[in-house]
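Please work from the sequences and hints to get the whole structure.
Top to bottom, those sequences are chains A and B.
Using my numbering, read the first sequence as starting at 1 and increasing by one per residue.
Using my numbering, read the second sequence as starting at 1001 and increasing by one per residue.
Calculated directly from the structure, the hints in this document are not laboratory data.
Errors might be hidden in some of the hints.
[As the list claims (entries may be wrong)] Pairs of lysine to any residue, SDA-like flavour, derived with a Cα cap of 20 Å: (1) A:38 with B:1062; (2) A:101 with B:1008; (3) A:101 with B:1052.
[Stated by the list, open to error] Computed spacing ranges between beta-carbons, pair by pair: (4) A:18 with B:1110: 38 to 44 Å; (5) B:1060 with A:97: 18 to 24 Å; (6) B:1083 with A:7: 27 to 33 Å; (7) A:15 with B:1016: 47 to 53 Å.
[Said to hold, decoys possible] To spell it out: a stretch of chain B is covered by chain A in this simulated footprint if at least three of its residues, at any positions, have a beta carbon under 8 Å from a beta carbon of chain A; those stretches are: (8) 1074–1085; (9) 1103–1112.
Even for Gly, the Cβ is constructed at its ideal location relative to N, Cα and C.
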Amino acid sequence: DTEVTQTPKHLVMGMTNKKSLKCEQHMGHRAMYWYKQKAKKPPELMFVYSYEKLSINESVPSRFSPECPNSSLLNLHLHALQPEDSALYLCASSYPGQREKLFFGSGTQLSVL
Amino acid sequence: AQSVAQPEDQVNVAEGNPLTVKCTYSVSGNPYLFWYVQYPNRGLQFLLKYITGDNLVKGSYGFEAEFNKSQTSFHLKKPSALVSDSALYFCAFGSGGYQKVTFGTGTKLQVIP
Chain A
1 DTEVTQTPKH LVMGMTNKKS LKCEQHMGHR AMYWYKQKAK KPPELMFVYS YEKLSINESV
61 PSRFSPECPN SSLLNLHLHA LQPEDSALYL CASSYPGQRE KLFFGSGTQL SVL
Chain B
1001 AQSVAQPEDQ VNVAEGNPLT VKCTYSVSGN PYLFWYVQYP NRGLQFLLKY ITGDNLVKGS
1061 YGFEAEFNKS QTSFHLKKPS ALVSDSALYF CAFGSGGYQK VTFGTGTKLQ VIP
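This is the structure:
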């Protein structure tokens, strides 16, 4: 299994809603990442988890709350988002010794109304 | 600030012709450089990396990249383009003890039949 699975594929939410994005991998990777990608732009790193501990937070607003319940799962909890948060949210994972080789999921296309 | 630059938003090449997608870097110390590809509505896929060693790096799908220290470049190349190579290509570099992969702005490759 060489896949990173993200659900849902599409999400529409209002600014007062609470929702969660989910990411799962069964490759034994111990580093997991959240990236945000706006249309026609490169992915921008949001968070890095290493061995289930948050190791990098790129000054992301608190309305985004990551969680890594175990080595296979990564969640991104969303609350009180703004329309400018609409984007493709990509999850990735990697082996500890090969952090440059990221395995990406297909992403969740998020629209905030 | 460290960065990679992709000077071309789009590259068009005829099927069967050689292709080059350009990348220059501004990275302190020994650069860790990578190429990724993104097909429509998909996450990114790792193509190849340069860490140290041979300046010509071979990767997936017949792609290769040439590291040139004097020109601070890391151009992606393929001897014979396929229509299926049409995608968005990102140059990237590693930092933060390898935990962080930062992407360039991307180059859209269009292979014309």
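Hint-by-hint comparison with the structure:
1. A:38 with B:1062: violated, 29 Å
2. A:101 with B:1008: Given pair residue 101 of chain A, residue 1008 of chain B is violated - Cα atoms ~24 Å apart, limit 20 Å.
3. A:101 with B:1052: holds, 15 Å
4. A:18 with B:1110: 38 to 44 Å: holds, 41 Å
5. B:1060 with A:97: 18 to 24 Å: The hint (18 to 24 Å, Cβ to Cβ) holds, given that residue 1060 of chain B and residue 97 of chain A are roughly 19 Å apart.
6. B:1083 with A:7: 27 to 33 Å: holds, 32 Å
7. A:15 with B:1016: 47 to 53 Å: Roughly 51 Å apart at Cβ, these two residues keep to the hinted range, so it holds.
8. 1074–1085: violated (count 0)
9. 1103–1112: Since 4 is at least three, the answer is holds.
When each numbered hint is compared with the structure, violations occur for hints 1, 2, 8.
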